[in-house]
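*Asks:* Chains as they are written, first to last, in the numbering used here: chain E, 1 to 597; chain D, 1001 to 1597.
To be clear, the hints were calculated from the coordinates, so they are not data collected in a lab. C-beta: ideal position from N, C-alpha, C; glycine also. Don't take each hint at face value.
[To be verified] Pulled a few chain D residues facing chain E out of the computed Cβ check, cut under 8 Å:
(1) Asp-1238
(2) Glu-1242
(3) Met-1258
(4) Gly-1418
(5) Leu-1596
[Unchecked claim] According to the in silico footprint, chain D covers these stretches of chain E (three or more CB under 8 Å from chain D):
(6) 69-80
(7) 445-457
(8) 487-496
(9) 508-518
(10) 569-576
2 protein chains.
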Amino acid sequence: MLHYRPPIAEYLFLLRDVFKIREYSHLQGYPDLDFNLIESIFEEAATLSREVLLPINGQGDRQSCSLDREGRVTTPQGFKEAYRIYREAGWTGLGVPEAQGGQNLPKIVTTAVLEFFGASNQAFDMYCGWGDSAATILGQYGSPALKELFLPRLVSGEWSGSMALTEAQAGTDVGLIKTTASPQANGTFRLNGTKVFNSGAEHDLTSNIVHFVLARVQGALPGVRGLSLFLAPTFMVDADGESTSRNGITCAAIESKMGLHGSATCEMQYTDAGAYLVGELNQGLTVMFRLMNHMRRRVGAIAVGVSELAYQNAREYVAGRLQGRAPSTTTRASETHADPLLEQPDVKRCLLQIAAFNEGARALLVWSSLLMDISERSSDASERHDAELRYAFLTPVLKGFLSDGAFANCVTAQQLYGGYGYVAGTGIEQLVRDVRLLSIAEGANGVQAFDLVSRQLRKGRGVAFRAIAAGIGRQIEQSSGGPSTVELANREAAALAEWERASMLLADPALSQAAVGIASSDYLYMTGLVLLGFMWLHITSSVRSGSYDAERGDDDRSRRLLRAQVFMERLLPETALRLRRIEESVLNLAMWPSHLV
Amino acid sequence: MLHYRPPIAEYLFLLRDVFKIREYSHLQGYPDLDFNLIESIFEEAATLSREVLLPINGQGDRQSCSLDREGRVTTPQGFKEAYRIYREAGWTGLGVPEAQGGQNLPKIVTTAVLEFFGASNQAFDMYCGWGDSAATILGQYGSPALKELFLPRLVSGEWSGSMALTEAQAGTDVGLIKTTASPQANGTFRLNGTKVFNSGAEHDLTSNIVHFVLARVQGALPGVRGLSLFLAPTFMVDADGESTSRNGITCAAIESKMGLHGSATCEMQYTDAGAYLVGELNQGLTVMFRLMNHMRRRVGAIAVGVSELAYQNAREYVAGRLQGRAPSTTTRASETHADPLLEQPDVKRCLLQIAAFNEGARALLVWSSLLMDISERSSDASERHDAELRYAFLTPVLKGFLSDGAFANCVTAQQLYGGYGYVAGTGIEQLVRDVRLLSIAEGANGVQAFDLVSRQLRKGRGVAFRAIAAGIGRQIEQSSGGPSTVELANREAAALAEWERASMLLADPALSQAAVGIASSDYLYMTGLVLLGFMWLHITSSVRSGSYDAERGDDDRSRRLLRAQVFMERLLPETALRLRRIEESVLNLAMWPSHLV
Chain E
1 MLHYRPPIAE YLFLLRDVFK IREYSHLQGY PDLDFNLIES IFEEAATLSR
51 EVLLPINGQG DRQSCSLDRE GRVTTPQGFK EAYRIYREAG WTGLGVPEAQ
101 GGQNLPKIVT TAVLEFFGAS NQAFDMYCGW GDSAATILGQ YGSPALKELF
151 LPRLVSGEWS GSMALTEAQA GTDVGLIKTT ASPQANGTFR LNGTKVFNSG
201 AEHDLTSNIV HFVLARVQGA LPGVRGLSLF LAPTFMVDAD GESTSRNGIT
251 CAAIESKMGL HGSATCEMQY TDAGAYLVGE LNQGLTVMFR LMNHMRRRVG
301 AIAVGVSELA YQNAREYVAG RLQGRAPSTT TRASETHADP LLEQPDVKRC
351 LLQIAAFNEG ARALLVWSSL LMDISERSSD ASERHDAELR YAFLTPVLKG
401 FLSDGAFANC VTAQQLYGGY GYVAGTGIEQ LVRDVRLLSI AEGANGVQAF
451 DLVSRQLRKG RGVAFRAIAA GIGRQIEQSS GGPSTVELAN REAAALAEWE
501 RASMLLADPA LSQAAVGIAS SDYLYMTGLV LLGFMWLHIT SSVRSGSYDA
551 ERGDDDRSRR LLRAQVFMER LLPETALRLR RIEESVLNLA MWPSHLV
Chain D
1001 MLHYRPPIAE YLFLLRDVFK IREYSHLQGY PDLDFNLIES IFEEAATLSR
1051 EVLLPINGQG DRQSCSLDRE GRVTTPQGFK EAYRIYREAG WTGLGVPEAQ
1101 GGQNLPKIVT TAVLEFFGAS NQAFDMYCGW GDSAATILGQ YGSPALKELF
1151 LPRLVSGEWS GSMALTEAQA GTDVGLIKTT ASPQANGTFR LNGTKVFNSG
1201 AEHDLTSNIV HFVLARVQGA LPGVRGLSLF LAPTFMVDAD GESTSRNGIT
1251 CAAIESKMGL HGSATCEMQY TDAGAYLVGE LNQGLTVMFR LMNHMRRRVG
1301 AIAVGVSELA YQNAREYVAG RLQGRAPSTT TRASETHADP LLEQPDVKRC
1351 LLQIAAFNEG ARALLVWSSL LMDISERSSD ASERHDAELR YAFLTPVLKG
1401 FLSDGAFANC VTAQQLYGGY GYVAGTGIEQ LVRDVRLLSI AEGANGVQAF
1451 DLVSRQLRKG RGVAFRAIAA GIGRQIEQSS GGPSTVELAN REAAALAEWE
1501 RASMLLADPA LSQAAVGIAS SDYLYMTGLV LLGFMWLHIT SSVRSGSYDA
1551 ERGDDDRSRR LLRAQVFMER LLPETALRLR RIEESVLNLA MWPSHLV
């Protein structure tokens, strides 16, 4: 049985002391941000997480979803009631603009909520968040009629949504999508085809489900340039917004998966399904990518949440598990005396490494959210543009680096349980199985790495990279002035130099695609490490501020400095290895014939 | 559905060309080793693996074992029949001395069989191998009466065995074991207590199960010095070896686990269970450690097997999965054209890294087996002693490094399947769940790492380490003479120097236990990498031999050289990172107060 203490104080510290959000009063909505309000939102989200979502997480895994002969999916016990509570509390419209019925809270606030909900019940969370997603798509690309019919009920959570991209033959390569859209006389379309790996495309939590479907209008070009995005509801909706007849959308099967058993992963059959075009014809990919990027940020937040949950539970387990003697126990009280496993240095190392990752990663999430807010809420076009470029650079890192790191951390946490980590009762093995999906879904991490090198790094002759590197350089300079941070700054400076070298090698447009592909994963990890080091400099420079100790006490400061040190001494040096591999890939011009692989 | 091609040719190459086992004719049993015989044994094991064990692996996972109210365990469909075939073919006595009814095949031959069986059905394999295990214990420590009563039927596989160490409060810390043994007037004992995590302690494959139980005789010392080893059968055995009444050993529960669902992990209740002492009173740990070391070698072989299975299946999947365009496809045949995923450089990188690990690891298994054979079969006492020391040094590496590596490889292989890797149908996610246990069971890998540094490295002032390092040095010298291997040798030389530096730091007896603990895991990985590099030099120097190409063709040679290169360029450089972390741990004398962790 897992327990969870959502990191509220952490987020407040990051918002107030590290990223000083009070200084961004020029951003729309920021002047209204009152820390008491923020804290009470975090407290409410934490309560829902601890008292409603976490208690049904384990049984959801054991029960799984089920599919009946009529194609109806039943979610595990408790999910329906939890969804009702979640919806009635208004969480689904948290980040949605007020004009669309939401609460207009900026990303810098909603990120914490994403982490808490994702941590406490990753499977349940996959049904959620469609208010924000729908507002993201329909807000910009939906026709007035579509917005009026669908947005309010998606924002209120009365209806949920689902993303229908993948087909059996078209995974990463969406250009191979075969689902067709036939134009009708009234301007709507009829969809025909089969979609797979549709999370939440059928369930019993809401009275209707709105599917966002990539399909090809008859006669359109093959490949990605012929794809359009459609909205197709499970139940057709009349002009008053009432659900009417069942649409031609049927759940043919649900997947049996490694984890996330509480989330229905559906194979969906579209048979003359009524649908509405969203955005321009043949511009489906552009619209869908907006949603995908939104999803990728979610992945990062959930990953950090699950990693935090794993950390908290492993720490509690080893603190209570009496096994072996501490190295400091020179004289044994008796042969039957045992110290907590926490006293073992190797156990401390594992916990500190996880904590050092989590805390740095959380700061990265908040910083990215701030950039996203700037890109959406600043009145200064050039500031918006600059923030958007940097945010785009960070997106594959949030998705790829944080999900892989979270998985590794969950495995390490599981290891600390010994045999009890492998059995179902403690709940930790479920986290390993659940979090594993985050490296695969929403664009597999190999694809994220390739996107980072081949698009984000090279875009505008490296403008985003240079802006980020310059910011890190300024922080290094600032941290070099503090006696407790100068050593950390020196280490980050070395890593930054390595990252700049790697970036220079990989930004070369003459480099072969093969070399880029081989080096991309190393570059993703290296980038993630340098960014987390940057975050640790940010954090530790805030810890030095005058008011810090008075509010939190010595232990809190010491704990952060210890984690920073562990990050810089043990995790960050991996950048040298990554650079070396990148150099090998680039300089050797590795040609690996397929038949020898 | 997984497929499997057991690597027979690989093993024959390693035995004949790399380790040249014909040159060890002074070892008892080696002169009888005929390569035709060996090949036919491998072929038979491969057939059993492919045709009997693999086909029931997936359904075993889906069905799991079940426990009825009388405490009887039913194994998944097909396991009983498979066990009958396995037993009747005589596999259980393969490595057992002839005097004990076995076939006396040396470890250098049986290792391949371990790999094949473990790969094709890891869960099933956990019920097997008790002929060898029982011979290991009873052969040396059993009284003549015990040997006579139990050994023949364990060697024939008519009965199976089980190892009963762990109790709820006593995992790694076996000194906390509470199970009691009360001496009886007739020289036997009565056991009382509860054991957990007992793999195969109850099942329907054999008519009797022989439990090897660590317990404390009443009045014995607390801690490990008061533990004795007992043999307790599920059914008592009369003087003729016939099973009679049920003993006081009951399966109270079976665990629900992350994987290995086909293997029953039992909680066993001992209630006045009749038992026989094995070995000397209070020497239980010594005897049990012999069995544990035997098990740890098994873990290494199974790990490599599962990693190989993951490699083969992922390679086949990506070769058949048409998705995206190869970098070499400059002009697209059409927008709907897609190349095999195998053409993606990042995919090639993943596969090559797995293959480079597997092939090096397999060589390490064979070399370790040769050392074990020398330690058991040489007539020269000093050669035996030297081999035993080196083998003991390698044991934690086989267990810890190979199991962690195999898990990472299975995760990478799963990643190559994209979404199909997360669903049950392809079978790859099962491998991730199953192989995960190997890092936890038979002494968690953290314990292996600590054993390597604190015992194996320091034993006899580092004699085993020095012998191994000297051997690597000689191989480097030899490989430096070959034009195709000199570059590989240079890289291994650099890694060797780093390893020697780390070993020197950690062998210092003045070093704190805390520093040893923090550095141990890095040292384990570093040692594993240097040893695999050593193996790659061995392999590539054999590839240069005259007869090689004629038999296998250019591709085979090129494939091995490519893997060697990938290992040396991409995997081996991690030694520098590991050394750096070890230096940080040692030089900073890291003191991490528990309350800050």
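*Asks:* Each hint: holds or not?
*Replies:* The hints, checked one at a time:
Of the supplied interface hints, the one on D/Asp-1238 is violated, with its beta-carbon coming no nearer than about 36 Å to a beta-carbon of chain E, more than 8 Å. Given hint, D/Glu-1242 at the interface with chain E, is violated; its Cβ is 35 Å from that chain's nearest Cβ, farther than 8 Å. Taking 8 Å as the C-beta contact cut-off toward chain E, the hint placing D/Met-1258 at the interface holds, the least distance being around 4 Å. At its closest, the beta carbon of D/Gly-1418 sits 5 Å from a beta carbon of chain E; the interface hint therefore holds under the 8 Å criterion.
For the restraint placing D/Leu-1596 at the interface with chain E, the shortest Cβ-Cβ distance is roughly 5 Å, inside the 8 Å limit, so the hint holds. Counting residues of the stretch 69-80 of chain E whose CB lies closer than 8 Å to any CB of chain D gives 0, so the stated coverage by that chain is violated, three being the minimum. For a cut-off of 8 Å, the count of residues in the stretch 445-457 of chain E with a CB near a CB of chain D stands at 4, and the three-residue condition holds. Under a criterion of three residues with beta carbons nearer than 8 Å to beta carbons of chain D, the stated coverage of the stretch 487-496 of chain E fails, only 0 such residues being counted.
Remark: the stretch 508-518 of chain E is confirmed as covered by chain D, as 7 of its residues place a Cβ nearer than 8 Å to a Cβ of that chain, reaching the required three. Closer than 8 Å: that is the beta-carbon criterion, and the stretch 569-576 of chain E has 5 residues meeting it against chain D, so the requirement of 3 holds.
Taken one by one, the earlier hints fail for this structure at numbers 1, 2, 6 and 8, listed in ascending order.
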